[in-house]
Amino acid sequence: MSEIVLSAETTRETGTRSSRRLRREARVPAVVYGLSQDPVSIDVDWPDLRRALTTDAGVNAVIHLEFGGAKQMSIVKDIQRHPVRRDVIHVDFLRIDPKQDVTVDVPIVMVGEAKEVSDADGMVDQNLFSLTVNAAPDSIPNELEIDISDLVIGDSKRVGDIALPAGVTTDVDVEETVAVGMITRSTLEAMAADEAAEEEAAELEEGAEASDGEDGEGGEGGDADEAADSE
1 MSEIVLSAET
11 TRETGTRSSR
21 RLRREARVPA
31 VVYGLSQDPV
41 SIDVDWPDLR
51 RALTTDAGVN
61 AVIHLEFGGA
71 KQMSIVKDIQ
81 RHPVRRDVIH
91 VDFLRIDPKQ
101 DVTVDVPIVM
111 VGEAKEVSDA
121 DGMVDQNLFS
131 LTVNAAPDSI
141 PNELEIDISD
151 LVIGDSKRVG
161 DIALPAGVTT
171 DVDVEETVAV
181 GMITRSTLEA
191 MAADEAAEEE
201 AAELEEGAEA
211 SDGEDGEGGE
221 GGDADEAADS
231 E
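Following my numbering, the numbering of the sequence shown begins with 1 at its first residue and continues without gaps.
Hints may contain errors.
[Claimed, not checked] Cβ-Cβ distance ranges computed for the label pairs, FRET-style: (1) E199 / G160: 19 to 29 Å; (2) D121 / A166: 35 to 45 Å; (3) E25 / D125: 40 to 50 Å; (4) K71 / D121: 53 to 63 Å; (5) R24 / D56: 30 to 40 Å; (6) G68 / N127: 36 to 46 Å; (7) T177 / E25: 38 to 48 Å; (8) E143 / K99: 48 to 58 Å; (9) V152 / T16: 31 to 41 Å; (10) R85 / G112: 36 to 46 Å; (11) G112 / E175: 13 to 23 Å; (12) D119 / K99: 43 to 53 Å; (13) S36 / S139: 16 to 26 Å.
Simulated from the structure, these hints should not be mistaken for laboratory data. For glycine and all other residues, C-beta sits at the position ideal for the given N, C-alpha and C.
Make a model of the complete structure from these sequences and hints.
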């Protein structure tokens with residue numbers, strides 16, 4: 001993958017009014033910090049930032065910020081959005097060292113078909129959608145796959161079932177649940193309705209058998225009385 005370079009300006013004034021003016025000019029205020037260096041207030045071009053964050057690496061892309069006559073390797077640590085419009089209003093960049101691992105959240109993607117679950121009219125409920133991992137900047141995975149092909153109803157897939165790429169580690173508990181095979185509510189309701197219908201049918205059958213038994217007993221008594229009268 002080619003190097004992502006993002007030009008930045010360091011001449012901006014801080015404050016709400018300045019930030020609003022920048023956004024009207026299609027620029028995004030930001031800050032870059034880390035590696036025991038002083039934080040620097042910068043601003044970047046919004047179209048360029050959008051392109052940088054929409055590669056296969058997503059928000060975990062390694063971005064080379066270019067300002068002050070030099071490049072600084074960084075990753076996006078935080079993105080602030082407008083609460084209504086969802087526009088990006090501020091970005092935090094973290095300086096990184098290519099020789100040191102970074103900690104990032106990587107999306108989890110389920111692969112395969114849980115046939116036994118679908119055959120039972122169930123569903124696979126994903127509980128964990130990203131995993132915090134440690135990796136070298138050039139080894140950050142775009143996504144992590146977990147195979148659900150052998151998942152059955154009542155079974156689950158855990159963090160320990162994710163095959164991490166070489167050099168990638170996680171401090172998350174390996175027993176934490178990622179996905180569960182479960183019966184859907186509609187299927188449970190249908191099963192409950194079937195059980196209720198079966199119970200009702202069984203009760204009706206028992207009632208009919210009891211009625212037949214009573215009729216039979218009455219008939220035998222009548223024959224005996226007739227025999228006694230004839231004597």
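How the hints compare with the structure:
no., hint, result
1, E199 / G160: 19 to 29 Å, "violated (43 Å)"
2, D121 / A166: 35 to 45 Å, "holds (40 Å)"
3, E25 / D125: 40 to 50 Å, "holds (45 Å)"
4, K71 / D121: 53 to 63 Å, "holds (55 Å)"
5, R24 / D56: 30 to 40 Å, "holds (31 Å)"
6, G68 / N127: 36 to 46 Å, "holds (45 Å)"
7, T177 / E25: 38 to 48 Å, "holds (46 Å)"
8, E143 / K99: 48 to 58 Å, "violated (25 Å)"
9, V152 / T16: 31 to 41 Å, "violated (55 Å)"
10, R85 / G112: 36 to 46 Å, "holds (38 Å)"
11, G112 / E175: 13 to 23 Å, "holds (21 Å)"
12, D119 / K99: 43 to 53 Å, "holds (50 Å)"
13, S36 / S139: 16 to 26 Å, "holds (23 Å)"
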